[in-house]
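2 protein chains.
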Amino acid sequence: MVTLINCFEVPEAADQRFMDLYAQVNAYMRSKPGYAGNRLHKATSEHAAYRYVNVAQWQSAEHCAAAHDDGFRNLVAKDEWKEFRSVPALFEVISENQA
Amino acid sequence: MVTLINCFEVPEAADQRFMDLYAQVNAYMRSKPGYAGNRLHKATSEHAAYRYVNVAQWQSAEHCAAAHDDGFRNLVAKDEWKEFRSVPALFEVISENQA
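Listed in order, the protein sequences are those of chains A and B. When we follow my numbering, the leftmost residue of the first sequence carries the number 905, and every step to the right adds one. When we follow my numbering, the leftmost residue of the second sequence carries the number 905, and every step to the right adds one.
Just to be clear, a hint being listed does not mean it is correct.
In this list, chains with the same sequence are indistinguishable; a pair is considered to hold if it fits within one copy or across any two.
Here are the simulated EDC-like pairs of lysine to aspartate or glutamate, each with C-alpha atoms no more than 20 Å apart in a straight line [what the hints assert, rightly or not]:
(1) Lys946 / Asp983
(2) Lys986 / Glu913
(3) Lys986 / Glu916
(4) Lys936 / Asp983
No lab work stands behind these hints, which were simulated from the structure alone.
Please work from the sequences and hints to get the whole structure.
Here's what the structure looks like:
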């Protein structure tokens, strides 16, 4: 299992525009082989550098890479996405603790 | 439940120094009322902007704020932490999907 974490810069006035775009991409990715769940986080802190953070699990790095295909690229190539800078990277969980 | 996400800038040569500091703070925070679990993620992507991301759950924003007390501040005031810029913020999960 691997984890894709993507941090998004979203101005407060742009929440709805961001959510509309996010919903399109999320629906597409959830249809892909190896998708294993995701949580979209919205900041409650004021002045958060990244107001939205998506944490998604994939069965493998290969599944995740394959899902970022032409269909994905067409979705994120829309001009509307240019408003939202994002910082995506792939991660492994190296330490996990329960309460 | 609230989620604290903290993204850390860690040069590749500094992994061990970061992990030693992280372990001290993590042990401290896990002893606090309202701590509800955490996962430390390490990037597998090359050139990730943030090579470590901690995702921690707290029972409430108040618990999380109370845990960031003098003891916490003393730990993170160490000079060694200056090497590692971090971007912390508090979040709520606004969308959760299973595979």
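Lys986 and Glu916: within-copy, between-copy, both or neither at 20 Å Cα: Cα proximity of Lys986 and Glu916: one copy only (16 Å, versus 30 Å across).
For the identical chains here, do Lys936 and Asp983 meet the 20 Å Cα criterion within one copy, between copies, both, or neither? So Lys936 and Asp983 fail the 20 Å test inside a copy (24 Å) and across (45 Å) alike.
Please work out whether the CA atoms of Lys986 and Glu913 approach to 20 Å or closer within one copy, between two copies, in both situations, or in neither? within (11 Å within a copy, 24 Å between copies)
One pair to classify: Lys946 and Asp983, alpha carbons no more than 20 Å apart. Within, between, both, or neither? For Lys946 and Asp983, the Cα distance exceeds 20 Å both inside one copy (23 Å) and across copies (31 Å).
Checked against the numbered hints given earlier, the structure breaks hints 1, 4 and satisfies all the rest.
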